[in-house]
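Build the full structure now, drawing on both the sequences and the hints.
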Amino acid sequence: MPVLKLEKVKAGMIVAKAVVIEERVVLAKGAEINEKILSRLKTWGCKEIEIIGDNKVKKTEPLSSKVQEDINNLIDFRFKFSNPQNKIMAEIKRIAFEKELNNLNQANTEAEKED
Amino acid sequence: MDAFQRKKIESVIQDIHHLPTLPVIYSRLKKLLADPRSTAKEIGAMLEEDQALTTRILKIVNSALFSFPKRISSVPHAVVILGIKEIKHITLAASVVDLFPEVGSTYNFNHKAFWEHSLAVAACSRIIAKKVGIMKVKDPEEAFTAGLIHDIGKLISDQFMHDTFIKVLKTTAEEQIPYIQAEEKNIGFTHQDIGRFLAEKWNLPLPFIEIISYHNTPILKNIDGTIFVLLAIVHLANILAKALNIGFSGDPFVTPLDELCWKALGINENQIQLIMDETKENSQELIELLLTANA
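From first to last, the protein sequence lines are chains A and B. The numbers in my numbering rise by one with no breaks, and the one at position 55 of the first sequence is 55. Here my numbering runs 1000 ahead of the position in the second sequence, where the first position is 1.
Everything labelled a hint here was simulated from the structure, so no lab data went into it. All of these numbers come straight from a predicted model, not from anything done at the bench. There's no promise every hint is true.
[What the hints assert, rightly or not] Anything over 10 Å on all C-beta distances counts as not near chain B; from chain A, calculated:
hint, residue
1, Lys8
2, Glu22
3, Val26
4, Ala31
5, Lys42
6, Lys47
7, Ser64
8, Val67
[Claimed, not checked] Below, simulated PhoX-like cross-link-like pairs (lysine-lysine); rule was C-alpha separation at most 25 Å, straight line:
hint, chain 1, residue 1, chain 2, residue 2
9, A, Lys80, B, Lys1263
10, A, Lys17, B, Lys1221
11, A, Lys99, A, Lys17
12, A, Lys93, B, Lys1070
13, B, Lys1070, A, Lys29
14, B, Lys1131, A, Lys80
15, A, Lys42, B, Lys1131
16, B, Lys1059, A, Lys93
17, A, Lys80, B, Lys1167
18, A, Lys87, B, Lys1136
19, A, Lys66, A, Lys93
20, A, Lys5, B, Lys1070
21, B, Lys1131, A, Lys87
22, A, Lys87, B, Lys1059
23, A, Lys42, B, Lys1130
The beta carbon of each residue, even a glycine, is placed where N, CA and C say it ideally should be.
Have a look at this one:
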């Protein structure tokens, strides 16, 4: 797994090994880098990170419409009793859907690496 | 809780005299904190008598969730950095995780998944508390602990009314109704009432009692003030942890959002994404730190 200087690390990359600063885990293995994490790591003086795969931002194959539909059904079930007209709940549901898609993409990427 | 309801709960909970008790060190800590002459050094030294508790407190305060710029190396140091009241909340949080032995396989429920959900609610509660701001929430650690113990009534159900607990889990899964509705249907009261019963026995502070009692149904507790803001925080955190599907507390359904709670928080819709991102990230770390085999 490549070790990248922090300035080369981009949002979307996945951490291959927990980041430890002064004996403290500040970022768990498997976490996805985002802008907020990057800025926090800079503040804490982190210099480099080991990331999964090559040093490219992960690009995921589009999921089939069947898979998307399955995720939709899963989320609909989870939100069965939430008030659908409420715009806050609609936003929470949208994010939950995206997170499930990301989880699946991440699992697929990891499976491809193992093959 | 009125006398009738208390009686009803007592009649259902078997072996009520063996309800778990908080560690002696927690009551000693409360006494020490009540004495204005107590120093951070004394409080830290007393807590360090319990090595397992010390390790857990340090793991919590050194996690990314707390974001302290330097590693906290000892409990006296934590007392100085966090403050006396805050360390009391963290001690309670660190104490409860071990109090409930797994009874055995319970349909689709297990303690690890339960604590994963509770840790996610705890982390999310602290994140929301920070966003809500110090004017409304003076102590984000109180929100963290409240989030961790909000569902404690379910563990009492599992341990002391095991068969009924399984029946409620089955009703929830088979009839696809919210867990709280399945409880009402099977026993006529809920884990919120059972949790309150325990919280009162433990003499927990009022905000914890209210949050345990009303986190699913805050509409029943339309009160003003800081307790309601804390209640609103845990109510939303519970919704977000369920939306993210972190752990499992027996209820597969996301609780409807109470409008009054949302208004009480004063945060905006655009902050939800960040709160959910941070919750996912911080819960994973807390789960690894506190629930893995050698934690």
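Outcome of the hint check:
1. With a least beta-carbon separation of about 21 Å from chain B, lysine 8(A) lies farther than 10 Å from that chain, consistent with its non-interface assignment.
2. In this structure glutamate 22(A) is not separated from chain B by more than 10 Å, as the shortest Cβ-Cβ distance comes to only about 4 Å.
3. With a cut of 10 Å on Cβ distances, valine 26(A) falls inside the contact zone with chain B, its closest approach being about 5 Å.
4. Against the 10 Å criterion, alanine 31(A) falls within the reach of chain B, whose nearest CB is about 6 Å from its own CB.
5. With a least CB separation of 13 Å from chain B, lysine 42(A) remains clear of the 10 Å interface cut-off, as annotated.
6. Under the 10 Å C-beta cut-off, the non-interface status given to lysine 47(A) relative to chain B holds; the minimum distance is some 16 Å.
7. At the 10 Å boundary, the C-beta of serine 64(A) stays outside the reach of chain B, the nearest C-beta of that chain being 21 Å off.
8. Taking the minimum C-beta to C-beta distance to chain B, about 17 Å, the non-interface status of valine 67(A) holds against the 10 Å cut.
9. Note on lysine 80(A) and lysine 1263(B): the hinted pairing holds, with a Cα-Cα distance of about 23 Å set against a maximum of 25 Å.
10. This hinted pair does not check out: lysine 17(A) and lysine 1221(B) have alpha carbons roughly 45 Å apart, beyond 25 Å.
11. Simply put, lysine 99(A) and lysine 17(A) have alpha-carbon atoms about 22 Å apart, close enough for the 25 Å limit, and the pair holds.
12. A threshold of 25 Å between alpha carbons decides the hint, and for lysine 93(A) with lysine 1070(B) the separation of about 37 Å lies outside it, so the pair is violated.
13. Taking the CA atoms of lysine 1070(B) and lysine 29(A), the gap is near 21 Å; set against the 25 Å cutoff, the hint holds.
14. As the CA atoms of lysine 1131(B) and lysine 80(A) are separated by approximately 28 Å, the hinted pair breaks the 25 Å bound.
15. Pair hint lysine 42(A) plus lysine 1131(B) holds up; C-alpha atoms about 22 Å apart against a cutoff of 25 Å.
16. In summary, the hint linking lysine 1059(B) to lysine 93(A) is not supported, as the alpha carbons are separated by about 32 Å, beyond the 25 Å threshold.
17. Simply put, lysine 80(A) and lysine 1167(B) have alpha-carbon atoms about 21 Å apart, close enough for the 25 Å limit, and the pair holds.
18. Under the criterion of a C-alpha separation no larger than 25 Å, the hint pairing lysine 87(A) with lysine 1136(B) is consistent with the structure, at around 24 Å.
19. A C-alpha spacing of about 19 Å is found between lysine 66(A) and lysine 93(A), which places the hinted pair at or below 25 Å, so the restraint holds.
20. Taking the CA atoms of lysine 5(A) and lysine 1070(B), the gap is about 22 Å. The hint holds against a cut of 25 Å.
21. A distance of roughly 20 Å separates the Cα atoms of lysine 1131(B) and lysine 87(A); the hinted pair therefore holds under the 25 Å criterion.
22. Restraint check for lysine 87(A) and lysine 1059(B): not satisfied, since their Cα atoms lie roughly 37 Å apart, outside the 25 Å limit.
23. The suggested pairing of lysine 42(A) with lysine 1130(B) holds, with an alpha-carbon distance near 21 Å, which does not exceed 25 Å.
Of the numbered hints listed earlier, those contradicted by the structure are 2, 3, 4, 10, 12, 14, 16 and 22.
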